[in-house]
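Colleague: Following the hints, complete the assembly by docking chain B onto the known chain A.
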Amino acid sequence: MYHSLHEAIRDAEARGVTLATVALEIESRDHGRTIDEIREVLGRALAVMRHSVEHGLTGDLRSNSGLVGGDAAKLRTGPAGPLAGTVFRDVLMRALAVQEVNAAMGVIVAAPTAGGAGVLPAVLLGIAKQQNFTDDQLISALATAGLIGAVVAHRASLSGAEGGCQAETGAAAGMAAGAATEMLGGTPSQAGHAVALAQQGTLGLVCDPLGGLVELPCVFRNATASAIALAAIEMAMAGITFAIPADEVIDTMGEIGREMDVRYRETAGGGLAATPTGRRLAKERLVQIKRV
Amino acid sequence: MVSILDIIGPVMVGPSSSHTAGACRLGLIARDLVAGTPESALIELHGSFARTGEGHGTDKAIVGGLLGFRPDDERLRDALTIMEKEGLDFRFEKTTLGDEPDVHPNSVRITVKRQHREHVMLGASLGAGRIKVSQIDGYPVEVDGSHHTIAMVAEDVKGSIARITGILSDDGVNIATLRLTRKHRGGDAFIVIEVDEQPADRVRDDLRALSWVRWTHRIDKVGG
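Residue numbers (our numbering), protein chains in the order written: chain A, 1 to 292; chain B, 1 to 224.
Think of the hints as simulated: they come from the structure by calculation, not from any bench.
For every residue, glycine included, the Cβ atom is placed at its ideal position computed from N, Cα and C.
Accuracy of the hints is not assured; some may be wrong.
Stated by the list, open to error - Quick look at which bits of chain B chain A covers, simulated, 3 or more residues with Cβ under 8 Å:
1) 10-16
2) 46-55
3) 110-122
4) 188-202
Stated by the list, open to error - Here are the in silico distance ranges between beta carbons for each label pair:
5) Arg-279(A) to Thr-181(B): 51 to 57 Å
6) Gly-32(A) to Asp-220(B): 17 to 23 Å
7) Ser-211(B) to Arg-10(A): 57 to 63 Å
8) Gln-137(A) to Asp-99(B): 27 to 33 Å
For reference, chain A alone in the conformation it holds in the complex:
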């Protein structure tokens, strides 16, 4: 697989093809599967993503600890805000839905991780619903997202324990932004700018879940990371470029992650987890889990 987005974008543009095409070709070469086989596996992932969104929107899920659940349904049926009826609200709703399913031990696609699993389905399926994209187009978008994620895994990290939330929901925002930009007809370069625009907005984001559980703030971070992805897509599609190349933004994320204190890397030792309320809730809820 590619080690930089720069090389992938260069190869795709030289041949006038998409990032999805070069990603599928390299995947096929590296792992000895045909492109049809890879697309089939991605198609199954797409089906699970769709199902997890639908499951989450029913609103009858509670997490193990009871800390999260039911909020996706509020966006579906609750009072209108300034974004009512827009793709933006649809995307936020879907991101919460998938993460509520995850927290309740439902089935999700860890893309790139379970903790960041809401962003990609929310952004892609939210946009696809508005613009009637086909499954084939969505599967290509997943290939593009996989390419971006593979580059992030190589250059930085996709683990909150290693790099904070910037490596989970931040990376997911970059993957979703690049993939959706290409699905919407953006060039490989525009997709690269979308990755950079999304990830610059999540640099430094810490991983500070209450009690170390993938619940709070993780569920909401998936919604806000999706919002950042949408902002990046809108800017990239308008032709806005980001002066620092995506690879260097990703490298920066890795550097910040390596410097990040261990309290901010999934250990519940700092951030929101260490606030008075965070500590109290975690203590109460963990006792409750033990009783169940």
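Modeller: For chain B alone, kept in the frame of chain A given last:
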């Protein structure tokens, strides 16, 4: 080598790829050591597995793995209830297995018993659902569950590898990787063979029948 299918996946029961999906895979490997659902098991949780495991369903995931459920099986949620219903004697303990960096923070030691067999393994969940089993029955191994694997301890005799690979090729099993280590000349050789096809029972039995093979386990692919 990173695959886009590792990034867009795995399909799994939440909430944590390391504490749930990885934990389930470790349970599946322990199950393989006794070739079926153990009658009893001691599950010793270390580090982050011990601290936040309950909230992440790590206990349910390991038990689910021991019951043969895979990481995407929704029965993982009810694994503890199923275990009780089946009358299985699985116990959890929180422990310290050593210091970092020697022992990964998400580590577990699982001792399993079934019929006359008893085995113990030490494994860790490395993140994103990836795992590593570093010890089986006290022998150092390196099994990541991404392939069907044969782990062996054999006396250091000439031609041993040729015999082993011969048995595999006679059965149409293709070798993906083969690692051989030994502490000194003439000492025990530790062999881990990753293969593309699931080896038949008779392959394992033929390998066990070799007079200079002390110990053999066949471990099925649990991920990747």
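Colleague: Which hints, by number, does the structure contradict?
Modeller: 3, 4, 5 and 8
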